[in-house]
Structure formats: structure tokens, C-alpha cells
Amino acid sequence: MRFWHKVIAITWKDALSGMRTKEIIFSVLVFTLLVIVIFNFAFGTSQEMMELVAPGILWVTFAFAGVLSLNRSFIPEKEQDCLEGLMACPASREVIYVGKMLGSLLFMLIIEVIALLIFAFLFNLPVFSPQIITITVLTTIGFVAVGTLFSALAVNTKAREMVLPILFLPIVAPIIISAIKASELALSGEPWSGLSSWLQIIGAFDVIFLIVSFLIFAFVIEE
Amino acid sequence: MKRNILLWLSLALMVTALYLVFVYVPTEQTMGIVYKIFYLMVPMGWLSLLSFLIVFVGSILYLVKRESKWDILAHSSAEAGIIFTTLALLTGAIWAKPVWGVWWAWEPRLTSTLILWLLYLAYFMVRSLATEESRGATFAAVVGIVGFIDLPIIVLATTLWRGMHPEPIIFQGGLAPSMLVTLLISITAFTVLYFLLLIQRVSMKSDEAEVKRLKIMLS
Amino acid sequence: MEKPDSTSQVWAIEIKGLTKSFSNHLALRGIDLGVRQGEAVVILGPNGAGKTTLIKVLATIMNPSAGRVLIDGLNPKNDAEEVRRRIGVVTHQTFLYSNLTAYENLEFYSRMYDVPRRKERIHEVTAIVGMTSRLHDRVGTLSRGMQQRLSVARSLLHKPTIMLLDEPETGLDQQAISVLSEILQAEDEGKHTIIHTTHSLERGLELCDRLLILVRGEIVYERSRQALDLADLKQVYQHYTGIET
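Residue numbers (numbering that gives the first Met the number 0), protein chains in the order written: chain A, 0 to 222; chain B, 0 to 218; chain C, 0 to 244.
Treat the hints as calculated values from the structure; they're not laboratory data.
Any given hint could be a false lead.
Derived pair list, reagent style DMTMM-like, types lysine to aspartate or glutamate, alpha-carbon separation capped at 25 Å [what the hints assert, rightly or not]:
#	chain 1	residue 1	chain 2	residue 2
1	B	LYS64	A	GLU93
2	B	LYS214	A	GLU222
3	A	LYS77	B	GLU131
4	C	LYS158	C	GLU38
5	A	LYS77	C	ASP136
6	C	LYS15	B	GLU78
7	B	LYS64	B	GLU209
8	C	LYS233	C	GLU221
9	B	LYS204	B	GLU131
10	C	LYS158	A	ASP80
To be clear about the criterion: a stretch of chain C counts as covered by chain A if any three or more of its residues have a C-beta under 8 Å from a C-beta of chain A, and this derived list gives those stretches [what the hints assert, rightly or not]:
#	segment
11	50 to 60
12	91 to 104
13	108 to 118
Pulled a few chain B residues facing chain C out of the computed Cβ check, cut under 10 Å [to be verified]:
#	residue
14	PRO25
15	ARG65
16	GLU132
17	SER133
18	ARG134
19	ALA136
Idealized CB from N, CA, C, for every residue including glycine.
Looking at chain A on its own, in the form it has when it is part of the complex (with noise of 0.2 Å):
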């Protein structure tokens, strides 16, 4: 179908993009890694006490690192009116949205990939499991659902960097919420069964958002 065909190749151009500065992939890791380490300088007294803590600071290191990366999702757009030569083109504007919002997601679940390495290693916990994984996975599903169309908002904004994360982090807080217990259940060992009130929630706030961000996107980048 010629929508995906086209989504294919905005979030190809994206992935290409993101290789070629590859500045901008390190400092979003450099960053999510300083958070943790700062994180266990406030709080890595003990291991029972990382075991505590570590699912919030997995979460809170994702949610702004989050916010890091969608931040940057339309400023390229913004240079040289490449968001309006999207639009000129013979395409959606929903096209635009999957797009971009397919390229955010890659590009978090490797820094999140990357991040969970790094912290079953500093931590020592079985953060590497299937069930983190799918929590890992859904919830950022979530954070490109809604901050794609936050991004595009916040870049047609006088303080880009500050309207993104006041925008994101109060809509997100139920996933946040909702992955930092899921992560908890099931580093104590939990069966999906314990989690699955939980996934139920980050699942159904995926789906209604992706509809929702979809059907107005369109009202954002049009003047």
C-alpha cells in the first residue's frame, strides 16, 4: 500500500539521518547512563535497596530520555521548511505522523536496549527479561504515540524545550506509573499473570493514543 510505502520512507530517511549524526544516539546514551549512575549515588547503599529502587530509576531515566529524543524529532523538520515540503508532498498528513512516530520508536528502543544492558550490569538484576522487555516495549509504544504529536506541537512553540516535557510527563504518567510496577513485579519474580492489570493499562492507553494522536495530528502541522 502506498501509506506504508511512504511511512517506510520518512522513518527510513530518519534512521539514515540518526546514523549520519551519530552525536546526537551517543549523547542521548551518555546522558541516560549519567542519570543512572547519578541515581545510584543518591540512592546505592545497599543491594536490597537498589532492588527497591531500580524499577523508578529505569523509568525515570526512560521518561527523560524520552523527552530528549522526540525533542529532536521535529527539529529537523523545522530547518529549511522540511516539514512544509512534507506537506506539498502527495501524501497524508497522518503519512507524516506514523512516519515520524515509527522513526522515534526505533530509535528509543535502542537507547533503551542499550540503557537495560548497562543496568543489569551496574545492578546486577535480571533486567534483561522477557517480561521487562514487553514492559520496555509497550510503554515506549505510548511515549511515541503521544510525543510525536507533542514534538510536532512543541516545535511551533516560542520554548521547544521546555513545552515537550510539561506536555509529555503528566499525559504519560499513568504508563510511567503503570511500567514502574509492572518492572517491580517482575523483578521480584512475579508471573505475567501479576502484571497483567498493569499491561492492561499501558496496552489500552497505547491504543486509544495512537487513534487519538493519528486523527489529530493533521490540526497541528496545518496553519
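Use these hints to put chains B and C onto chain A, whose structure you have.
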């Protein structure tokens, strides 16, 4: 004309409510006179939600129909809403201190109200930081819509989050009939006040918009 | 003023009562304009006249506040995709991604425009604008003149019949400007319908079949090329805009 009726109705209801709260209703046994803040707190909570509902409806209509009157409605409701939400948080804190011994507790209702307050804040911020006014209205509408849809999820997540701990409950058993009546009158009084404020702000903003439109046409 | 009548099919672009308002000013005030197939219309006007807004509305980047636009008889509100296929846009912003190569940029846009036989076409347009040697260089390393040429190449990928040009010569030196004019006036791929905004009177006169002056959102003057000479034009322009050239 309608506005005057509403004004007198509001005044009458308020006076009645005050009477009921301070004279009629018996003082609650465990908490004493501070409990009376309850009759302010519940209406504030209710109105912060009602206001956001109107913001949501106005926002959808604005995006679909592109008529500034819907944006004016949403904006005015948000103005009332943030005041009510702020009061809800304050009365919640005043309530919490004698009951739980702390000014704040991360319990579901207060946490959700705090997030609602942040959403209202985001609504205004996005409007004023947009590069251009009509875009600001569109952006605010987006926040109104996304925020309102998110509310049930926020309440669900925060309730589930705190649900496992022993919960200090607001209603100690049921409500005595006199308390129920007082509460209902209080809620009604404040709801009428909300509509009064809404109408005032909407008409003022409409006049401002009209003046602006004329200025642009004549320039 | 020439106005299209609703029965003629020869109009490439029909604009009726086009109005665009922003929150504190009216950028376009009821524009009526008809552009025939193959005609080159130049729009002159000072900054803030509404030239860029007009181009953006025609390119379907912006929505009109009121009025109607028909492109090849199609309404962008209903047939946006089809309309966009027929339009090539070149503005003073290049729409190019600076950390990708020229080739990668062109490949991206050819996908977005469903261009058949992409690789072949990319080489074709690159040859037209004379950039073949720099095809695999990153756009960020190209000079402004080269970037604009590449932008023109980008706009030609999908063989549009209508070209919208918004002061494309901004920031270019004389030589680059003449190269650009040559490319834009070349008719190897058929005669395009052109709307070109500029604030250079000389260039406007040179390139147009018909010339309009836009001031504060309204068309205040319109003449075909035969009826114009530079001296008169300068006078007229100063009369309407207060700007001496």
C-alpha cells in the same frame, strides 16, 4: 437578563449553602469543625472535572468547526477550572492535615487532581507560547482533548497504584441525611457559580474578539 | 482584471475570493486570479504583501480562511493528493535535509511522490540542473547556489505541470540566479504553468507573460508583458508600494 437571574440564583444558593454549612449541619464527631471544609472540597473536585469536560467539548467543536466561539468557551472554562482545581488541592490539604496528619498524601484522588492541575497549566502554557494566536487556540484544544481522554486512565493507574496500601477513607461510613442535603446544596450553589463565571468570561472574550476583528478589517 | 468563467477548462489555476487571515492580520484579502495552462505569471510585491502566503495556500501547505482554489479543475480540499502530484514548489528554503546526500534527498522525495524508475529520474533531473558531479555529497557541504539548484531538481522529480516559485533567487549571487532562471525557463519537459513571486522588477519583467503587483493582500495592478516596460513599471511600483527601485 438571563445573567441577572443566574446572579441572584447563585447568591441565594450560596447564602443557603453557608447557612446550611455553618448553622444547620451538626458538627462531625471525629474531626470537629474542620470537617466543614468537606462541603467546599467536594464541589471543588466536581467542578474541576466539569470544567475540564467543557474544555474537552469546546476543544473538539473548535477543531471540527473552526469557529472561535468554541475556543472562547473552552478557554473560559479552563480559566474557571484551574481556579477550582487549585482550590480543590488546597482544601484537600487543609482536610488532610487533621485527618492524616500530613499536608499531602499521594493517594489516588489527590494525585489525580494534581495531574489535572498540571494539565490545566499545560493548556494555558501552550496557548501563550504558540508563535501565533490562532495556532495557540488549536494547540490548547489538542491539550484539552488529549488530557480529558487521559483522565480515566490517570485515575485508574493512580487508584491501582495506591490500592494496595491501607487507605484513609474520606467517608467514614455513610453520610447522615442532613450532611447529604448540605453537600448537595453546596455542590449546586458552586455549579451555578461556575456557569455564571463561564458566561461572564465568554461574553467578555467574545467582545474582545469582535473588537479585534473590526480592528483588523479597518487596518 | 482577468477573471476565469466557470465553464472554461483552459485554466490551470483558478482562484476566487481567496482570503487568509491570521490572528492579528489579514494576509490575503479576496484574491481573484486565473492562470492559463502554460502561462507564466509573476507576482511582485514588498515584504508582507502576502506573496509567500499565496504560494503556500496554492501548494496546499496552508488552508485558506475563505474562498476557493481550483488546480487543473481539482479542489485541494477533496483531491489533495492529486493536486500535489501536479505541483512543484521551490521557495527560498530548500526542503532539503543537510546531513543526507543530494542523492538520498532526491531518492526520499521520489518515493514520496511515487516517481517511477527512481534512479533513472534522479540522474535525469540532476543533469538538468547541472549537479551530477556533486550527487553524492552531503547537502550541508554544498553552496547556497548549489542547494537551490538541487531544490529545483527535487521539484522536478515528479514532472509537475505547475511550478510555484517563491523568491527562489534569495541569497544567490548573480551567476547562480542566471543559472536558475535558465533551468526554470527551460522547456525540455514541456511548458510549465508558472507562478513566480519576486521583488526584483527586472527579473519579473523578463520572466513573465503577465505581471501582477500584490500589496497588503490585494492585487492592485495587472498587465501583460507586451504592455509593460521597465521604466513605467518602476513608476507604477513606487506608486503602489512607496518603494523606489
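Structure-based check of each hint:
no. : hint                   : result
1   : B:LYS64 with A:GLU93   : holds (20 Å)
2   : B:LYS214 with A:GLU222 : holds (22 Å)
3   : A:LYS77 with B:GLU131  : holds (16 Å)
4   : C:LYS158 with C:GLU38  : holds (17 Å)
5   : A:LYS77 with C:ASP136  : holds (22 Å)
6   : C:LYS15 with B:GLU78   : violated (40 Å)
7   : B:LYS64 with B:GLU209  : holds (18 Å)
8   : C:LYS233 with C:GLU221 : holds (14 Å)
9   : B:LYS204 with B:GLU131 : holds (17 Å)
10  : C:LYS158 with A:ASP80  : holds (22 Å)
11  : 50 to 60               : holds (count 4)
12  : 91 to 104              : holds (count 9)
13  : 108 to 118             : holds (count 5)
14  : PRO25                  : violated (55 Å)
15  : ARG65                  : holds (9 Å)
16  : GLU132                 : holds (3 Å)
17  : SER133                 : holds (5 Å)
18  : ARG134                 : holds (8 Å)
19  : ALA136                 : holds (8 Å)
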